[in-house]
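A.B. asks: Chain by chain, the residues run as shown.
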Amino acid sequence: MTTGPDDAPPIRFELRRGAITALPLAVAVGLFGVSFGVLSATTGGMGALPAVVMSATTFAGSAQFAAASILAGGGQPIAAVAAALLLNARYLPIGISVARVLTGGPLRRFLKAQLVVDESWAIAARRGGEFVAGRLLGAGFVLWLSWVGGTVVGVIGGEALGDPTALGLDAAFPALFLALLASQLTGRGAVSAALLGAGIAIALTPFTPPGVPIIAASAAALIGLLDR
Amino acid sequence: MSAIWGIVAAIGIATMAIKAAGPVLLGERPLPVRVKSVVALLAPALFAALVGTATLGAGQSLVVDARIVGVGAAVVALALRAPTLAVVVVAALAAALARLAGIS
Numbered sequence: 002m003t004t005g006p007d008d009a010p011p012i013r014f015e016l017r018r019g020a021i022t023a024l025p026l027a028v029a030v031g032l033f034g035v036s037f038g039v040l041s042a043t044t045g046g047m048g049a050l051p052a053v054v055m056s057a058t059t060f061a062g063s064a065q066f067a068a069a070s071i072l073a074g075g076g077q078p079i080a081a082v083a084a085a086l087l088l089n090a091r092y093l094p095i096g097i098s099v100a101r102v103l104t105g106g107p108l109r110r111f112l113k114a115q116l117v118v119d120e121s122w123a124i125a126a127r128r129g130g131e132f133v134a135g136r137l138l139g140a141g142f143v144l145w146l147s148w149v150g151g152t153v154v155g156v157i158g159g160e161a162l163g164d165p166t167a168l169g170l171d172a173a174f175p176a177l178f179l180a181l182l183a184s185q186l187t188g189r190g191a192v193s194a195a196l197l198g199a200g201i202a203i204a205l206t207p208f209t210p211p212g213v214p215i216i217a218a219s220a221a222a223l224i225g226l227l228d229r
Numbered sequence: 023m024s025a026i027w028g029i030v031a032a033i034g035i036a037t038m039a040i041k042a043a044g045p046v047l048l049g050e051r052p053l054p055v056r057v058k059s060v061v062a063l064l065a066p067a068l069f070a071a072l073v074g075t076a077t078l079g080a081g082q083s084l085v086v087d088a089r090i091v092g093v094g095a096a097v098v099a100l101a102l103r104a105p106t107l108a109v110v111v112v113a114a115l116a117a118a119l120a121r122l123a124g125i126s
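For the record, the sequence lines run as chains A and B.
The numbering used here numbers the first residue of the first sequence as 2 and each following residue consecutively.
The numbering used here numbers the first residue of the second sequence as 23 and each following residue consecutively.
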């Protein structure tokens, strides 16, 4: 018997389901981890060990790529930190959306929250703004392993593995978000928020540092206040 | 070298704090209805924004490249009610083929 509500499957089932759903993405994430490792170790931007430590602790691909490429290009440390934090600011609203389901004391909540990345959050999303914690944690753990593992392979000598974009893996991410978006479009409010969010993000991209368009797009959710 | 470790620590600690802020500070407290109705729309708004920037974004510019072929294939797969995994694989395959065909 489960301890959750009557219709909730056991946590083990949800963990496994999240992990399995994340597997194909883990391949893509792992290969991007390899390219992050290569970029960090070969361009003189960061170095091997800091790159691995960063993957294990920060665990946010776009922010890490931004920081590594700014450093590799000879940019200021403060610029690298600012870019990474702008890109990760979206995890504030994302964290709020899953706050209720990441149960436990403060330490457990803190640790569980570290497994939140775009993909695990997306996999955990159900219709109507609810999230399944087990799926998030299962997916997040698999993605963390592949991201850190990929980075290790990359810094040791991943140049031989080639360019992930040649395999079309950069198209895998928008496709995942699109598939998950489709499952969220359950009413007029959601459709309007999606159109507005995409419009804001695309319109701002040429004019703001990377990261800002996504954060600004979260303002589209404010139309939820209109209907009440 | 120590500057690098400072950067790694700053980004790592700040990111952990950002991710944990909601879950640790809010706990299981139920959100007010008005906040809830906004949070419910965060997923569609952010997913759509990520679709846009992951398809067209390249740093601070917008480019049309092989990714859009992949996303187009994903739209077709979704219309055919393919499961999420198949949608992702089809998109990667289509983008890879487009690159083989010479579309950057």
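Bear in mind the hints are in silico, worked out from the structure with no lab data behind them.
Take these hints with a grain of salt, some might be off.
[What the hints assert, rightly or not] Have a look at the derived ranges for each label pair, beta carbon to beta carbon:
hint	chain 1	residue 1	chain 2	residue 2	range
1	B	V97	A	L223	39 to 49 Å
2	A	I79	B	L107	18 to 28 Å
3	A	G75	B	L115	34 to 44 Å
4	B	G28	A	A167	17 to 27 Å
5	B	V98	A	L196	19 to 29 Å
[Unchecked claim] So these bits of chain A aren't anywhere near chain B, every CB distance computed over 10 Å:
hint	residue
6	I12
7	F14
8	T43
9	F60
10	G75
11	L86
12	R110
13	F142
14	V154
15	L182
16	I201
17	A221
Heads up, the beta-carbon is just placed ideally off N, CA and C, and yes, glycines get one too.
A.B. asks: Hint by hint, note whether the structure agrees.
C.D. replies: Taking the hints in turn, this is what the structure says about them:
A beta carbon spacing of about 28 Å between V97(B) and L223(A) contradicts the range 39 to 49 Å that was offered as a hint. In this structure, I79(A) and L107(B) break the distance hint of 18 to 28 Å, their C-beta atoms being roughly 41 Å apart. As the Cβ distance of G75(A) to L115(B) is approximately 37 Å, the hint placing it in 34 to 44 Å holds. For G28(B) paired with A167(A), a C-beta distance near 35 Å fails the hint of 17 to 27 Å.
Taken as a hint, the range 19 to 29 Å holds for the pair V98(B) and L196(A), whose Cβ atoms sit roughly 20 Å apart. Against chain B, the non-interface label of I12(A) holds: every CB pair exceeds 10 Å, the least being about 16 Å. No beta-carbon of chain B is positioned within 10 Å of the beta-carbon of F14(A); the least distance is around 18 Å. With a least beta-carbon separation of about 15 Å from chain B, T43(A) lies farther than 10 Å from that chain, consistent with its non-interface assignment.
Non-interface status of F60(A) relative to chain B is broken: a Cβ of that chain comes within 10 Å, the nearest being about 8 Å off. No beta-carbon of chain B comes within 10 Å of the beta-carbon of G75(A); the shortest separation is about 13 Å. At roughly 5 Å from the closest C-beta of chain B, the C-beta of L86(A) falls inside 10 Å, breaking its exclusion from the interface. For R110(A), the non-interface assignment is contradicted: its Cβ lies about 4 Å from the closest Cβ of chain B, within the 10 Å cut-off.
Once the 10 Å rule is applied to beta carbons, F142(A) is consistent with being away from chain B; the minimum gap is 15 Å. V154(A), annotated as away from the interface, keeps every beta carbon of chain B farther than 10 Å; the closest lies near 19 Å. A cut-off of 10 Å between C-beta atoms contradicts the statement that L182(A) is not in contact with chain B; the least separation is 4 Å. Interface exclusion of I201(A) from chain B breaks down, the closest Cβ pair being 7 Å apart, not more than 10 Å.
With a closest Cβ-Cβ approach of about 4 Å to chain B, A221(A) is found to fall inside the 10 Å limit, against its non-interface label.
Going down the numbered hints, you'll see the structure goes against 1, 2, 4, 9, 11, 12, 15, 16, 17, while the others check out.
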